[in-house]
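Colleague: So the chains spell out like this:
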Amino acid sequence: MKKILSVKNLSVSFDTYKAEVKAVRDVSFDLHEEETLAIVGESGSGKSVTAQSLMRLIPMPPGKFVGGSILFNGEDITQKSEKQMESIRGKEIGMIFQDPMTSLNPTMTIGKQIAEGLIKHHSMAKKEAYNRGVELLKLVGIPTPEKRINQYPHEFSGGMRQRAMIAIALACNPKILIADEPTTALDVTIQAQILDLMKELQKETGTAIILITHDLGVVANAAHRVAVMYGGKIVETGTVDEIFYNPRHPYTWGLLGSMPRLDNHDEELKAIPGSPPDLADPPKGCPFAARCPYAMKACGSHMPEYYELSSTQKTACWLLDERAPKVEPPEFANVGGSKVNG
Amino acid sequence: MGKYILKRIGYILLSLYLIITATFVLMRLAPGSPFASERRIPPALEQQMNEAYGLNDPIHKQYIEYVVNAFTFDFGPSFKFVGQEVTDIIFRSFPYSLVLGLEAMFIALGIGVLLGVIAAIRHNKFSDYIAMVIAVLGISVPSFIMASILQYVFAIKLEMFSVARMESFADTILPAVALATTPLAFIARLMRSSMLDVLNSDYIKTAKSKGMSQRVVTYKHGLRNAMLPVISYMGPLIASILTGSFIIETIFGIPGLGSEFVTSITNRDYTVIMGTTVFFGILLLFSVLIVDLIYGLIDPRIKLTAKGGEK
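Chains A and B, in that order, give the protein sequences.
Each residue of the first sequence is one higher than the one before, starting from 1 at the first, in UniProt numbering.
Each residue of the second sequence is one higher than the one before, starting from 1 at the first, in UniProt numbering.
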């Protein structure tokens, strides 16, 4: 499959009164056509900043690119002017946000909000754009779209709004769809519907999806590849199977262990003790060292490099070094055989 | 919608009735009478005057007569200015207040919104600080001081306008500016904070993610939403501009309704008090209704229905 997006050593910082907060540090990943890449991690791990950087939606200042590049179609997004970005946003890359309750303009009809992009990027006439809007609403499974298109967001339910959001993001057939926690604000049954819808639409349109989430259930359900982020860095990346069946990073173990499971009701959830590092003053070594039960001396002082475990799986952990003691993943992180709740 | 307006007009009539009653009671509780003045008039003459104007009738009879007069908008002659009908006084002086008020509203809204938007877009930059300094000055400097400064600078020093005259449109500019200063400053601050709120909201990010230019994002998506608090402030604003204009009218020598209102109260000119009060009441209640209707047009979440009012 063709590579369409390539992020290389991306670093993004925010200038605050106190210090420079290094939200994304040296992040690299690729995205191929028709695949779904999930970026997982807890709050503050830098996953949303990474996603919004891809569309240059980070307000600058206070945000700034410190280094690295984002190659899309062979061109570096970090170097583009605001004007050039306008023809990429919506047309080449679409985005869905977390909270459908607040991410639609309350004083504008759904139709207008869909048509806007089409009129700008495909220079459609108003009428034509509205007709396409009706088609899109039908596509995302909204009944009686002819009537719905003239309604306002407050007349839609939460799930409906997220469907409308997806219609807006997909209106111009973008090559990449970034979904920033698209299901977090929805209840569980609607979550499944929205994920199914996204998978279905991906099959139809061939859009590549970057799925930002902290919900491993969502990852198991929807993603092909996974990048685990912690403290502004990608600590482990691999296919879904590799991450769930053969995780090698203690943070991934922790994440898997803290997920509720259907097959074990008695056991308590394994929370990861401690809290994420302060990115205004990030640790010199591995960001997870302070919370890692297997941390060694080297972990605190040197950032581990990536160990390639397969052509697809890469893990940044000193435990994989030949000099390190052999550590097996704890029992609770082994979800391979059980059904993932989600 | 039609039903809603009818219901609202019903409420307006009820409010008017309460206003009339309260005014009547207050008027009669206040000491003095229309015919009391420094020079004592002979008691026989006062008795005769009271008789002629119906002030000797039992109080409930006077009250009923007042209410009927008010609702038929016929207030009879002024007690103080012989030969002048109250309605004549109102319709002679109101056009001045109306022109002044509309002009001031226009200035306050236009410039206030503009300043607020500029301040929000250039948040924490130089133009933001300038706009907010203007706003703070506008709020803290009382309108009569503002009026005097304007007169001194533009009329006396620069001789661009007349000091106090009411003949051409140019004469209305200084008083309108003086009248607009405080609401302008208030609107600018209101607009700035609500625009900042809106520009940080999720749907602005959505609009940007669709590839809309900064201009479209700010004005098409932001402005309409950010205007909502300003519009709800318009109702009380109309009230304060129309009634608060007395000081300005006095300083600039404008024969407007505001000054008639205040002189009628000091004169205990019962019929004029009643007339101007009812007139102001109608004006304010209807302006609040109109503001509500506009609000419903701009914000689709507010449905104007007869059942339960606004929902």
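If you are wondering where the hints come from, they were derived from the structure by calculation, not from laboratory data.
Cβ coordinates follow ideal geometry from the N, Cα and C atoms, glycine included.
A portion of the hints provided could be inaccurate.
If you want the ones that stay clear, here's a sample from chain A, every Cβ over 12 Å from chain B, calculated [claimed, not checked]:
| id | residue |
| --- | --- |
| 1 | Pro174 |
| 2 | Asp215 |
| 3 | Met296 |
Calculated cross-link-like contacts (lysine-lysine; reagent style DSSO-like; alpha-carbon spacing at most 27 Å) [what the hints assert, rightly or not]:
| id | chain 1 | residue 1 | chain 2 | residue 2 |
| --- | --- | --- | --- | --- |
| 4 | A | Lys147 | B | Lys125 |
| 5 | A | Lys83 | B | Lys125 |
| 6 | B | Lys220 | A | Lys83 |
| 7 | A | Lys126 | A | Lys64 |
| 8 | A | Lys80 | B | Lys125 |
| 9 | A | Lys64 | B | Lys303 |
| 10 | A | Lys3 | A | Lys80 |
| 11 | B | Lys220 | A | Lys126 |
| 12 | B | Lys3 | A | Lys147 |
| 13 | B | Lys303 | A | Lys112 |
Colleague: Please flag the earlier hints that this structure goes against, numbers listed from lowest up.
Modeller: 1, 4, 7 and 9
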